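Please model the entire structure based on the sequences and the hints provided.
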Amino acid sequence: MILAPSLRNLALTAHVTASVGWLGAVAGFLALAVVGLASDDAQRVRAAYLVMEPIGWFVLVPLAFASLVTGLVQSLGTKWGLFRHYWVLFKLLINVFATFILLIYMETLASVGDVAGDPSADLGDVRNASPLLHAALALFLLAVATVLAVYKPRGMTRYGRRRDGERAVTMS
Amino acid sequence: VAEQSTPGWVKVFGIVALVVVVLLVVVLVTGGHGPGRHMLGK
Chain U
1 MILAPSLRNL ALTAHVTASV GWLGAVAGFL ALAVVGLASD DAQRVRAAYL VMEPIGWFVL
61 VPLAFASLVT GLVQSLGTKW GLFRHYWVLF KLLINVFATF ILLIYMETLA SVGDVAGDPS
121 ADLGDVRNAS PLLHAALALF LLAVATVLAV YKPRGMTRYG RRRDGERAVT MS
Chain W
1 VAEQSTPGWV KVFGIVALVV VVLLVVVLVT GGHGPGRHML GK
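Protein sequence lines correspond, in order, to chains U and W. Residue 83 in our numbering sits at position 83 of the first sequence, with consecutive numbering throughout. Residue 24 in our numbering sits at position 24 of the second sequence, with consecutive numbering throughout.
Rather than coming from a laboratory, the hints here were simulated on the basis of the structure. Predicted model, so just to flag it, every value in this text is computed and none were measured. Hints may contain errors.
[Unchecked claim] Straight-line C-alpha distance at most 25 Å; calculated SDA-like pairs for lysine to any residue:
(1) W/Lys11 with U/Tyr151
(2) W/Lys11 with U/Gly160
(3) U/Lys79 with U/Ala27
(4) W/Lys11 with U/Phe83
(5) W/Lys11 with U/Ala149
(6) W/Lys11 with U/Trp80
(7) U/Lys79 with U/Met171
(8) W/Lys11 with U/Phe100
(9) W/Lys11 with U/Asp164
(10) U/Lys152 with W/Val10
(11) W/Lys11 with U/Val169
(12) W/Lys11 with U/Leu72
(13) U/Lys152 with U/Ala27
(14) W/Lys11 with U/Met171
(15) U/Lys152 with W/Val25
(16) U/Lys79 with U/Thr17
(17) W/Lys11 with W/Val25
(18) U/Lys79 with U/Ala31
(19) W/Lys11 with U/Ser6
(20) U/Lys152 with U/Asn9
(21) U/Lys79 with W/Gly14
(22) U/Lys79 with U/Leu137
(23) U/Lys79 with U/Val16
(24) W/Lys11 with U/Ile2
(25) U/Lys152 with W/Ala17
(26) W/Lys11 with U/Met156
(27) W/Lys11 with U/Thr99
(28) U/Lys79 with U/Val169
(29) U/Lys152 with W/Ile15
[To be verified] Non-contacting residues of chain W with respect to chain U, defined by C-beta distances greater than 10 Å in every case (computed):
(30) Thr6
(31) Val10
(32) Ile15
(33) Val22
(34) Val25
(35) Val26
(36) Val29
(37) Gly31
[As the list claims (entries may be wrong)] For the chain W half of the interface with chain U, some residues (derived, Cβ under 8 Å), not all of them:
(38) Pro7
(39) Trp9
(40) Phe13
Just so it is clear, CB atoms sit at the ideal spot from N, CA and C, and this is done for glycine as well.
Below, the structure is given as structure tokens:
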């Protein structure tokens with residue numbers, strides 16, 4: 001089903017907002033991870049790791065799902081389709097992969113927060129390079145997805161070429 | 001004719017994606033990674 005132009009613009013606005021918002025939220029998370037590793041202030045280090053889990057549940061996870069759902073609406077409601085063009089397919093794979101890893105990683109963020117909240121834990125045990133690594137990789141993946149969305153490199157899948165062929169036959 | 005063949009960028013993306021997935025599976029299966037690794041003595 002192809003969306004009407006006004007609905008299409010609304011869906012596109014929602015998708016861009018959610019996706020770029022997710023990218024920005026990961027950039028903010030990356031800044032927290034850097035503070036956690038580099039700051040000399042013990043309270044600031046603990047605070048950085050303590051807020052990671054709430055940021056994950058209340059910002060990153062909702063934005064990830066919002067990006068996925070609005071992306072599905074956007075692709076299925078326009079001529080692009082979900083499996084017709086390689087750039088759409090790769091964006092979908094990146095989104096699903098990043099969301100899946102994020103959900104798994106929430107358990108780690110909970111344990112990182114537990115350690116940070118334990119007053120008896122040594123600051124060396126509180127500091128953890130894992131959030132920095134994961135945030136940097138997520139930022140890279142989301143940046144790739146953004147580049148794909150803007151440049152829309154050409155190339156149709158076998159399914160897309162077949163659908164185009166069927167449509168040409170129907171119209172002739 | 002060019003439209004019928006798979007573009008070069010797709011092949012590159014496909015190979016990179018395959019390598020990433022294989023590495024992820026290997027790391028997870030061998031236990032060198034995952035949430036449990038971050039639990040400090042718990």
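Against the structure, the hints come out as follows:
The straight-line distance between the Cα atoms of lysine 11 of chain W and tyrosine 151 of chain U is roughly 17 Å, inside the 25 Å bound, and the hint therefore holds. Restraint check for lysine 11 of chain W and glycine 160 of chain U: the C-alpha separation of about 17 Å stays at or below 25 Å, so the hint holds. At roughly 32 Å between alpha-carbon atoms, lysine 79 of chain U and alanine 27 of chain U are farther apart than 25 Å, so this suggested pair is violated. Among the hinted pairs, lysine 11 of chain W with phenylalanine 83 of chain U is consistent with the structure: their alpha-carbon atoms are about 16 Å apart, no more than 25 Å.
The suggested pairing of lysine 11 of chain W with alanine 149 of chain U holds, with an alpha-carbon distance near 18 Å, which does not exceed 25 Å. This hinted pair checks out: lysine 11 of chain W and tryptophan 80 of chain U have alpha carbons roughly 20 Å apart, not beyond 25 Å. Taken as a hint, the lysine 79 of chain U and methionine 171 of chain U pair is honoured in the structure, with Cα atoms around 16 Å apart against an allowance of 25 Å. Straight-line distance between C-alpha atoms of lysine 11 of chain W and phenylalanine 100 of chain U comes to about 24 Å, which keeps the hinted pair within the 25 Å bound.
For a cut-off of 25 Å, the pair hint linking lysine 11 of chain W to aspartate 164 of chain U stands: about 22 Å separates their Cα positions. Using a Cα cut-off of 25 Å, the hinted pair lysine 152 of chain U and valine 10 of chain W holds, with the two alpha carbons roughly 12 Å apart. With a C-alpha separation of about 30 Å, the suggested pair lysine 11 of chain W and valine 169 of chain U falls outside the 25 Å cut-off, and the hint is violated. With a CA separation close to 24 Å, the supplied pair lysine 11 of chain W and leucine 72 of chain U stays within the 25 Å bound.
Between lysine 152 of chain U and alanine 27 of chain U, the direct Cα distance comes to roughly 24 Å. Compliance with the 25 Å bound is thereby established for this hinted pair. A hinted pair counts as satisfied when its Cα atoms are at most 25 Å apart, and lysine 11 of chain W with methionine 171 of chain U does not qualify at roughly 32 Å. Taking the CA atoms of lysine 152 of chain U and valine 25 of chain W, the gap is near 30 Å; set against the 25 Å cutoff, the hint is violated. Of the supplied pair hints, the one linking lysine 79 of chain U and threonine 17 of chain U holds, its CA atoms being roughly 21 Å apart against a limit of 25 Å.
Distance check on the hinted pair: lysine 11 of chain W and valine 25 of chain W sit about 21 Å apart at the alpha-carbon level, within 25 Å; holds. At most 25 Å may separate the alpha-carbon atoms for a hinted pair to count; lysine 79 of chain U and alanine 31 of chain U exceed this at roughly 38 Å. Restraint check for lysine 11 of chain W and serine 6 of chain U: not satisfied, since their Cα atoms lie roughly 36 Å apart, outside the 25 Å limit. Among the hinted pairs, lysine 152 of chain U with asparagine 9 of chain U is consistent with the structure: their alpha-carbon atoms are about 17 Å apart, no more than 25 Å.
Restraint check: the Cα-Cα separation between lysine 79 of chain U and glycine 14 of chain W comes to about 24 Å, which is no more than 25 Å; the hinted pair holds. With a C-alpha separation of about 31 Å, the suggested pairing of lysine 79 of chain U with leucine 137 of chain U is violated against the 25 Å cut-off. Restraint check for lysine 79 of chain U and valine 16 of chain U: satisfied, since their Cα atoms lie roughly 18 Å apart, inside the 25 Å limit. For the suggested pair lysine 11 of chain W and isoleucine 2 of chain U, the alpha carbons sit about 30 Å apart, so the restraint of at most 25 Å is broken.
Between lysine 152 of chain U and alanine 17 of chain W the CA atoms are separated by roughly 18 Å; this keeps the pair inside 25 Å, and the hint holds. Our distance criterion of 25 Å between C-alpha atoms is met by lysine 11 of chain W and methionine 156 of chain U, whose separation comes to about 13 Å. The suggested pairing of lysine 11 of chain W with threonine 99 of chain U holds, with an alpha-carbon distance near 24 Å, which does not exceed 25 Å. In summary, the hint linking lysine 79 of chain U to valine 169 of chain U is supported, as the alpha carbons are separated by about 18 Å, within the 25 Å threshold.
This hinted pair checks out: lysine 152 of chain U and isoleucine 15 of chain W have alpha carbons roughly 19 Å apart, not beyond 25 Å. Under the 10 Å C-beta cut-off, the non-interface status given to threonine 6 of chain W relative to chain U is violated; the minimum distance is some 7 Å. Non-interface status of valine 10 of chain W relative to chain U is broken: a Cβ of that chain comes within 10 Å, the nearest being about 5 Å off. The claim that isoleucine 15 of chain W lies off the interface holds: its Cβ sits roughly 13 Å from the closest Cβ of chain U, which is beyond the 10 Å cut-off.
With a least beta-carbon separation of about 13 Å from chain U, valine 22 of chain W lies farther than 10 Å from that chain, consistent with its non-interface assignment. At the 10 Å boundary, the C-beta of valine 25 of chain W stays outside the reach of chain U, the nearest C-beta of that chain being 13 Å off. Separation of valine 26 of chain W from chain U is adequate, the least Cβ-Cβ distance of about 15 Å exceeding the 10 Å criterion. Distance to chain U confirms valine 29 of chain W as a non-interface residue, since its nearest Cβ pair spans about 14 Å, more than 10 Å.
Every C-beta of chain U lies more than 10 Å from that of glycine 31 of chain W, the closest at about 15 Å, which supports listing it as non-interface. Below 8 Å, beta-carbon pairs count as interface contacts, and proline 7 of chain W has one with chain U at about 4 Å; its hint therefore holds. At its closest, the beta carbon of tryptophan 9 of chain W sits 5 Å from a beta carbon of chain U; the interface hint therefore holds under the 8 Å criterion. The interface hint given for phenylalanine 13 of chain W holds, since its Cβ lies 6 Å from the closest Cβ of chain U, which is under the 8 Å cut-off.
When held up to the earlier numbered hints, the structure conflicts with 3, 11, 14, 15, 18, 19, 22, 24, 30, 31 and fits the remainder.
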